[in-house]
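Asks: One line per chain: the protein sequences are A and B, in this order.
The first sequence begins at 0 in numbering that gives the first Met the number 0 and counts up one residue at a time.
The second sequence begins at 0 in numbering that gives the first Met the number 0 and counts up one residue at a time.
No lab work stands behind these hints, which were simulated from the structure alone.
No experiment lies behind these values; they were computed from the predicted model shown.
Possibly wrong hints are sitting among the right ones.
List time: in silico DMTMM-like cross-link candidates among lysine to aspartate or glutamate, alpha-carbon distance up to 20 Å [stated by the list, open to error]:
1. Lys107(A) to Asp141(B)
2. Lys124(A) to Glu102(B)
3. Lys91(B) to Glu119(B)
4. Lys175(B) to Glu196(B)
5. Lys101(B) to Asp106(A)
6. Lys205(B) to Asp228(B)
7. Lys158(B) to Glu182(B)
8. Lys160(A) to Asp142(A)
9. Lys101(B) to Glu108(A)
10. Lys124(A) to Asp142(A)
11. Lys49(B) to Glu225(B)
12. Lys183(A) to Asp38(A)
13. Lys101(B) to Asp141(B)
14. Lys158(B) to Asp141(B)
15. Lys61(A) to Asp38(A)
16. Lys107(A) to Asp139(B)
17. Lys101(B) to Asp117(A)
18. Lys158(B) to Asp184(B)
19. Lys107(A) to Asp184(A)
20. Lys170(B) to Glu196(B)
21. Lys107(A) to Asp182(A)
22. Lys101(B) to Glu86(A)
23. Lys107(A) to Glu102(B)
24. Lys164(B) to Glu174(B)
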Amino acid sequence: MECVFGMVGNGFAVVVADTSAVNSILVHKSNEDKIMILDSHKLMGTSGEHGDRVQFTEYVQKNVALYLFRNGIPLTTAATANFTRNELATALRKNPYSVNILLAGYDKETGPSLYYIDYIATFHKIEKGAFGYGSYFSLSMMDRHYHSGMSLEEAVDLVDKCILEIRTRLVVAPPNFVIKIVDKDGAREYAWRESIKDTGVSSA
Amino acid sequence: MGDSQYSFSLTTFSPSGKLVQIEYALMAVGSGQTSLGIKAANGVVIATEKKLPSILVDETSVQKIQSLTPNIGVVYSGMGPDFRVLVRKSRKQAQQYYRLYKEQIPVTQLVRETAAVMQEFTQSGGVRPFGVSLLVAGFDADGPQLYQVDPSGSYFSWKASAMGKNVSNAKSFLEKRYTDDMELDDAVHTAILTLKEGFEGQISSKNIEIGIIGTDRNFRVLTPSEVDDYLGEVE
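Based on the sequences and whatever the hints tell you, model everything.
Replies: Here you go:
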């Protein structure tokens, strides 16, 4: 039921993820951020087992940071994606991580890029992609409306179309989504799309 | 490394704070055949004497200058067999990097890892330091680069440097001749002239080796006929 999707636009890449944390029939919370910011210009949207997701994304994030500390230059998006794939592939036949990843980044030399890495270390460089049941709907919407070199407004519009489609058509659709983008100015949260606000603990 | 009886390092401090084994290793380098490198504006050249112990040795079977990756080459002064071991290790490290990131290893990082290996052998059980200094020439996203790596594991970036028997003469010659805007071809000529300075006997394409890397980022050793051409231009 977890939805992650993303696409590449004109000088940026956008990744969207649902924000529900679910265990069987119980919703733990509806504001779980599943898009980890790896460094100044990289994002990793992940779906899958909660424990694996957190463990693996933190592992990648810390290795990306270590490389920067050791060598004084950041990893490229491609290098990070290949490193991630390698880790998943190495663990696959021993103790696999059940995580699906959309890795987006911006490099000065090559611009924005998006990588599809699934739990069995399938690796693709893509312009648009999606994971989960929501992918049936978001991929179709993107196939219909996506074109390369979209502006941020056009892309967010398409994202909203996808979210609407997921909400209308998926039986247990997640109520809330988070949208993050990465461009020349860095990786950052762009917006939330909430249909259910998680209220804080009421004061005693 | 360091099995059974030799879990203690053979490289130990003297009372004056020196590691004598490393000093001796540097002496081994200093008595080795001269090698040098020059960083030009658009490439790097490395060169070495190739004096063989007898005229009966087939000089085409000896290659002192080796490539570590398609865009990084290396030459040495000192003990040939130690050099071979380092080349093997460095090549593997470069490939491991590629396997991890699907990108060519930057020159600085390969130099750093090679230097780390050399340092290990000054602090591990039962081993001795490598009896070579390396000159690593590479061309990557940061442009042309030339590094020297010593038996201690220290490494330095140079615009031009020399090692081995004739090091002081060669270095003063290079200091006079080096200019920042040198082109690769000029650098090759200067390299040959520097080798010629301390050369015993007649210099020819059979007793020197030259490796270059230019903006094509492809390191290669010059063929004897190419070396002859350069020698002809220099005379």
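Asks: Given the hinted pair Lys124(A) and Glu102(B), is their alpha-carbon gap at most 20 Å?
Replies: Since the Cα atoms of Lys124(A) and Glu102(B) sit roughly 15 Å apart, the hinted pair holds (cutoff 20 Å).
Asks: For the pair supplied as a hint, Lys101(B) and Glu86(A), is the alpha-carbon distance within the 20 Å limit?
Replies: Given pair Lys101(B), Glu86(A) holds - Cα atoms ~13 Å apart, limit 20 Å.
Asks: Under the criterion that the straight-line Cα-Cα distance not exceed 20 Å, is the pair Lys107(A), Asp141(B) satisfied?
Replies: Holds - the C-alpha atoms of Asp141(B) and Lys107(A) are around 14 Å apart, at most 20 Å.
Asks: Between Lys158(B) and Asp141(B), does the CA-CA distance stay at or below 20 Å?
Replies: 14 Å, holds
Asks: Does Asp38(A) lie within 20 Å of Lys183(A) when you go C-alpha to C-alpha?
Replies: 13 Å, holds
Asks: Is it true that the CA of Lys124(A) sits at most 20 Å from the CA of Asp142(A)?
Replies: Measuring from Cα to Cα gives roughly 16 Å; hence the hint holds.
Asks: Check the hint pairing Lys158(B) with Asp184(B) against an upper bound of 20 Å on the C-alpha distance.
Replies: 15 Å, holds
Asks: Against the 20 Å threshold, does the CA-CA distance of Lys91(B) and Glu119(B) hold or violate the hint?
Replies: Cα-Cα ~17 Å, so holds.
Asks: Is the Cα-Cα distance between Lys170(B) and Glu196(B) 20 Å or less?
Replies: Holds, because 11 Å separates the two Cα atoms, which is no more than 20 Å.
Asks: Taken at face value, is the distance from the CA of Glu182(B) to the CA of Lys158(B) at most 20 Å?
Replies: 13 Å, holds
Asks: So if I understand the rule, the pair passes when the alpha-carbon distance is 20 Å or less; does Lys160(A) with Asp142(A) pass?
Replies: Holds: Lys160(A) and Asp142(A) sit about 12 Å apart, inside 20 Å.
Asks: Between Lys101(B) and Glu108(A), is the straight-line Cα distance small enough, at 20 Å or below?
Replies: 17 Å, holds
The structure meets every hint from the earlier list without exception.
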